[in-house]
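Please put together the full structure from these sequences, using the hints given.
All the letters of the sequence shown, read from the start, carry residue numbers 1 to 218 under the working numbering.
A couple of the hints might just be wrong.
Using C-beta positions, here's what the derived DEER-type ranges look like [stated by the list, open to error]: (1) Thr-25 - Asn-69: 18 to 28 Å; (2) Ile-143 - Ala-74: 12 to 22 Å; (3) Asp-110 - Glu-172: 28 to 38 Å; (4) Val-165 - Thr-116: 35 to 45 Å; (5) Ser-181 - Asn-44: 43 to 53 Å; (6) Glu-172 - Asn-126: 42 to 52 Å; (7) Glu-115 - Glu-168: 44 to 54 Å.
In silico SDA-like cross-links for lysine to any residue, where the CA-CA straight-line distance does not exceed 20 Å [claimed, not checked]: (8) Lys-108 - Leu-13; (9) Lys-95 - Leu-150; (10) Lys-173 - Gly-183; (11) Lys-173 - Ala-161; (12) Lys-108 - Arg-73; (13) Lys-95 - Arg-118; (14) Lys-95 - Gln-163; (15) Lys-108 - Leu-15; (16) Lys-173 - Arg-162; (17) Lys-95 - Arg-164; (18) Lys-173 - Gly-154.
I should point out that these hints are in silico values taken from the structure, not numbers from a laboratory. Virtual Cβ for every residue (Gly too), placed ideally from N, Cα, C.
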Amino acid sequence: MIRVLLLEDEALLRLTLASTLPDDTMSVVGDYGEAAEAVAAAENTAFDVLVTDLDLSQGPGPNGIVVANVLRRANPRLGVVLLTSYADPRLVGAKLSQVPEGTEYVRKQDVRDIETLRTAIRHAANRTGDSTPADLAVALTDIQIETMRLVAQGLTNAEIARQRVVTERAVEKSLSRIAQSLGHEGDATKNPRALIVRAYYEMAGAGSASDTSSPSPG
Numbered sequence: 001m002i003r004v005l006l007l008e009d010e011a012l013l014r015l016t017l018a019s020t021l022p023d024d025t026m027s028v029v030g031d032y033g034e035a036a037e038a039v040a041a042a043e044n045t046a047f048d049v050l051v052t053d054l055d056l057s058q059g060p061g062p063n064g065i066v067v068a069n070v071l072r073r074a075n076p077r078l079g080v081v082l083l084t085s086y087a088d089p090r091l092v093g094a095k096l097s098q099v100p101e102g103t104e105y106v107r108k109q110d111v112r113d114i115e116t117l118r119t120a121i122r123h124a125a126n127r128t129g130d131s132t133p134a135d136l137a138v139a140l141t142d143i144q145i146e147t148m149r150l151v152a153q154g155l156t157n158a159e160i161a162r163q164r165v166v167t168e169r170a171v172e173k174s175l176s177r178i179a180q181s182l183g184h185e186g187d188a189t190k191n192p193r194a195l196i197v198r199a200y201y202e203m204a205g206a207g208s209a210s211d212t213s214s215p216s217p218g
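What follows is the structure, given as structure tokens:
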């Protein structure tokens with residue numbers, strides 16, 4: 001019997017998973033909406049796999065990767081499933097190197113039925129997962145991903161330049177290279193910032209967006 005601890009800040013999804021995941025091979029020993037609650041409960045709860053949302057933006061505290069690393073240090077044999085809408089953990093400011101070894105990375109939009117998630121949990125319990133998302137949307141560097149995130153948050157080129165301690169011209173060149181990597185090369189009629197924002201939202205699992213407000217798909 002695989003014992004699962006669930007951390008998901010979307011209440012309806014958390015309740016749905018807590019009620020549908022249990023079968024004759026696994027049980028949910030606790031479900032929580034905030035990182036601090038899950039970490040505190042873990043001290044007195046025996047479990048084999050942590051299923052956690054990546055972006056816990058609806059509650060206070062760290063993201064799911066940080067929680068997974070904290071709990072993995074306490075239990076090196078712990079299996080981890082990252083459940084998220086994001087195609088790439090770097091889109092929420094994380095680094096691929098921070099994802100615990102053997103993690104199962106599952107996009108919410110790819111889960112067609114509950115058995116898909118159960119299979120990921122079984123892989124995580126056996127530590128046969130893959131810490132690198134299988135379908136990174138594009139081969140972008142960490143700095144380019146961070147630049148995309150800042151653009152999607154509505155920062156101007158000047159504000160991004162100040163944060164990265166570079167010139168505005170360097171930011172403009174970076175935006176152009178990102179647009180090319182996204183497959184929008186050579187079209188002078190299209191605004192690179194608009195292309196980048198749209199791509200960010202699509203990679204975040206939120207579809208395209210018409211403004212630059214920051215998404216929180218999970």
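So, going through the hints one by one against the coordinates:
Range check, Thr-25 to Asn-69: Cβ separation about 27 Å, and the 18 to 28 Å hint holds. Between Ile-143 and Ala-74 the CB atoms are about 33 Å apart, so this pair departs from the stated range of 12 to 22 Å. A hinted range of 28 to 38 Å for the beta carbons of Asp-110 and Glu-172 is consistent with their spacing of about 35 Å. Distance hint check for Val-165 and Thr-116: the Cβ-Cβ separation is about 43 Å, which falls inside the suggested range of 35 to 45 Å.
A beta carbon spacing of about 47 Å between Ser-181 and Asn-44 agrees with the range 43 to 53 Å that was offered as a hint. A C-beta distance of roughly 48 Å is found between Glu-172 and Asn-126, which places it inside the suggested range of 42 to 52 Å. Between Glu-115 and Glu-168 the beta carbons are some 51 Å apart, a value that agrees with the proposed interval 44 to 54 Å. In summary, the hint linking Lys-108 to Leu-13 is supported, as the alpha carbons are separated by about 10 Å, within the 20 Å threshold.
Restraint check: the Cα-Cα separation between Lys-95 and Leu-150 comes to about 16 Å, which is no more than 20 Å; the hinted pair holds. Between the alpha carbons of Lys-173 and Gly-183 the distance comes to roughly 16 Å, so the proposed pair stays at or under 20 Å and holds. Our distance criterion of 20 Å between C-alpha atoms is met by Lys-173 and Ala-161, whose separation comes to about 12 Å. A C-alpha spacing of about 26 Å is found between Lys-108 and Arg-73, which places the hinted pair above 20 Å, so the restraint is violated.
With a C-alpha separation of about 26 Å, the suggested pairing of Lys-95 with Arg-118 is violated against the 20 Å cut-off. At roughly 18 Å between alpha-carbon atoms, Lys-95 and Gln-163 fall within 20 Å of each other, so this suggested pair holds. Note on Lys-108 and Leu-15: the hinted pairing holds, with a Cα-Cα distance of about 15 Å set against a maximum of 20 Å. Between the alpha carbons of Lys-173 and Arg-162 the distance comes to roughly 15 Å, so the proposed pair stays at or under 20 Å and holds.
Restraint check: the Cα-Cα separation between Lys-95 and Arg-164 comes to about 17 Å, which is no more than 20 Å; the hinted pair holds. Taking the CA atoms of Lys-173 and Gly-154, the gap is near 18 Å; set against the 20 Å cutoff, the hint holds.
Checked against the numbered hints listed earlier, the structure breaks hints 2, 12, 13; every other hint is satisfied.
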